[in-house]
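Protein chains in written order, with numbering that gives the first Met the number 0: chain X, 0 to 325; chain S, 0 to 267.
Treat each hint with caution, since some may be false.
Residues of chain X placed beyond 10 angstroms of chain S at every Cβ, according to the derived structure [stated by the list, open to error]: (1) Glu3; (2) Tyr15; (3) Asp33; (4) Val70; (5) Pro80; (6) Asp121; (7) Pro149.
Coverage of chain X stretches by chain S, computed from C-beta distances (three or more under 8 angstroms per stretch; other residues unrestricted) [as the list claims (entries may be wrong)]: (8) 192-206; (9) 215-221; (10) 237-247; (11) 263-273.
No lab work stands behind these hints: they were computed from the structure.
Quick caveat, the model's predicted, so the values are computed rather than measured.
Using N, Cα and C, we set each Cβ at its ideal position, and we do this for glycine too.
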Amino acid sequence: MSPEPVLSVRGLRAYYRTRHFGVEREVRAVDGVDFDVERNQIYGLAGESSSGKTTLIKVIAAALKPPLQVVAGRIDFAFAPNLLSLDADALAKVRWKHLSYIVQGSMSTLNPVRRIRESFVDFAARHLALPRAAFERAVAEHLQRVQLDPAIVRAYPHELSGGMRQRVTIALATICRPEFIVADEPTTALDVVVQKEVLDMMRSIQRGIGSSVLLVTHDLGVHAHLADKLGIMYAGRLVEEGPTTAVFAQPRHPYTAHLIASLPRIGDAAQRQPLEGNPPNLAAPPPGCRFHPRCPLAMDVCKREVPPMTSLGSGHRVACFAVNPA
Amino acid sequence: MSTSPLLEVDHVSKDYARGGLLSRHRLRAVDDVSFTLEAGRAEIFSIIGESGSGKSTLAGMILNVVTPTAGHLRFEGTDLAQIRGRDAHRRFMARVQPIFQNPFESFNPLKQLDHYLFITARRFVGADEAQAQRLADEALVKVGLSLAEVRGRFPHELSGGQLQRVAVARALIPSPALIVADEPVSMVDASLRMAIVNLFKTLRDELGIAIVYITHDLATAYYISDRIAIMQRGRVVESGDARRVLADPQHPYSRQLKGAVLQPAPGA
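The shape of chain S in the complex, shown without the other chains (with noise of 0.2 angstroms):
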């Protein structure tokens, strides 16, 4: 018996109305756009794009928090819009977790950081304090951190590369599947971006776990992923091993982007 696949997208679309309620202005934020992740073979799928290009919108569908115009989303086989009811909600967000570009934005700034991990410990493993604690701490070891150095702490009180490795390891709590994260690092000091960049490609080899990693940085995007899809206004327009498309790209717009890539070295 085979396997389902990890993550169908299947002709997926989002079109948005624009303008009042009478408006017949329609933006097709997602345009046609299909790709699978198989299952047993964790990949990390970059998706490149400008603001503007859907690659935000296409993460809310994956996320299940945005629904597709036309198209299906599959995980594991199931498609997204026949999930229904808390608990089953509840055990997709265990297998797909979110990670978001400002981590200062992903706290509450007025909760504990440990608070935050045995919550969502709480949550999705029924875990009791004890292995709540066990949980976090875990979690925490696995992004370079522990639960000693976040204790009590708030999110101000860390910067912005310690506060998106605790996002990490709160996403990782739930053991999930895949983790979608949207420009990860983008608000990432230089110096702390490749502890967080190198963390995924371990969660990728370590821990089996696929990554969706959608960015605009397209050295990033070289230096991790498997494949990779380019998105312009809501269209897949190349795609295929991150390391052939992006040493040799086809499309234009795939070579314009390349073009603009500033290198840091002078001349390049």
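Bound-form chain X, shown alone (with noise of 0.2 angstroms):
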């Protein structure tokens, strides 16, 4: 029997809701999401602009404001069933030692006013629980593994370069052992190089923790360089998911297909070309197949009715009528 996953998402629909001299204007950001992320594992979650991959992170942290609702479905941690039903006080005890979020702009995100130092006391102290010299030296011993020099814990969040204050953001994510990680573009705006450095750690920390990490980022190239299991995202909905090289070697959702093929690689001088058309209006989604209107397999019954996901085994699952025919 397999274990239970960590992250379980049923049924999940979420919209922004605005209503605005009288008109109403629901954008139907995330319509209808299913995955499971298991123990120790990196789910990534690809998706381009308007795919809603920022809206089910907002929702998975329980980060949700109006005029965003969560209008059907469950979300259920291992460690917290039914995390839409907590309240403030439940959350905050789930938060940090069981949840970390490295979201993005990580970078801006640490109190420029407030030494390294004081954010490890403010985010981790009250879950470590330590005597005071305890915790000096568990903050040392993380930082160095994810590769810093323990004395930065004097500076200031100015003084470090970006690819150091991205680094202590991790390490303030990760210093409770949290079971489950949500980073949201965790190395969008680091240079390349200093982008992989930064990813590796985060992987061998996931690995030393044996943590789940749900990584969403747009960028291909880092799910395939990090992601166990990968999900793509468009419109709203998840088209296809599986383990990240067979969907990589072989892409059976046409949008998956497209947008792998479209990606120039050093090598490779041929010919690549774009989507036509674009993104969808999640205010007036097309009817059925979100992706009918740029697909070049769409069919009649793709523009009334929503595909669904279905497994072609070995946990690769897509949502597509052209591969598997109503």
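The two chains are supplied separately, each in an independent frame; assemble them into the complex guided by the hints.
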């Protein structure tokens, strides 16, 4: 029997609902998402702008603010069943000790007027509950694990380079050894060379702690390098999911296939084509499969019905009528 | 009679003073960079560098918005430092057009896009109303859009990819000889990136426009460049034929850059 997943998302729908001057608008940012993240797994979630992945992160982080509302579905963590039903106090207990985040623009989330040591106190002291000397030793050891000189605890964020600040953010997110880490574009603003070092370091920390990571980025190169399992989001839905090697080697959904084929690679000068058209307007999405206006394989049924996620075996799933006829 | 090169960057350096008025600290953002783009043979010349490499400062000097501390830049034989007066500046700007990284920052969010294009046509080509519409439409068609799609729309109504195409259309209206594109696709979705990148190839091949393409992305540079120059802390560390340099980089920094590229293929 396979062990229980650490995260289980079912039927999740989250919309932005606004009403201005009597006009109601509903942006269906996440519109029916189901997936699991296993223990000790890096699950990569790929998608472009308006894919819904950023909204999905906010919901999983229980960082919901109007006009964002969960309209349907549930989120279950092994350590926090029915996350969406938890009140602020219960959430505070879960956060950082079990569930932590590395958010986009992490570099700006370190408090600029507090030294690094104080950020560790702010985030982790309560959870680690150690006497002062032991706490400082734990912080020093952990900083070394992310390849930082423990002396940087005396520094202010602006005294560190972008790469170093990102490592501090990762250290903060992992010092309590949480079971689950949500990472939203963790290396986007970093230089290529620093990015690779930081990603490799993230993986070694993850393997060391045995935590699971939901890694969200539009950058397929990052997923290829780090993700064990890859989910592709388009216009609020998951369109394909599977082991990373399988999805790259044999992308079954037309969107995935086209996306991977359009990426330039060093060593290959062959002409590449962009995807025709534009991502849909989520306030007025197309009926049926949301990809059909841009899909070279679109059939009549695609315009009417939403294709269900169907298993292709070996953990590879795809939602497409061309692959799995209705 | 031989023609002047299109662009000569001749031992150009740029220093910035750091600290206060009395500080002696100097930051050398660009350090003795030289290269030449020949006339009559349009090419895509990529400048690769990370942040702090000086690539954007170099772009600014080519666009004549930043003055070099040492060295000279010459466009079609004329030293940029000699360009004086509004008319001369406007003539230069018509010949050398920029494309910037963030399409949403390139346009006034309160201006309709077609108006933007008409204003460009009037300003650089002296077009009247009817001519401006025609030029705008022609430019948009070249980038795979049309005036009908863009008429009356504001920047926020288009995707980043579409908007960047409008930015290219705007740059084409004055019939430039050179386009300086600073990270033109890094904020555009991956699936739409190829539209802009392929467009640059078309501009070179069909319209004879030379392009200085500035990026940190080695893969797109490999895909479209004729020649590349790799910059580190203001200096060019390696340059030459794009495919050759990227297939087998010689300088340790070039090798480090290439080694850090994450190819979209697991286990690569």
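Would you list, in rising numerical order, the hints stated earlier that this structure does not obey?
none
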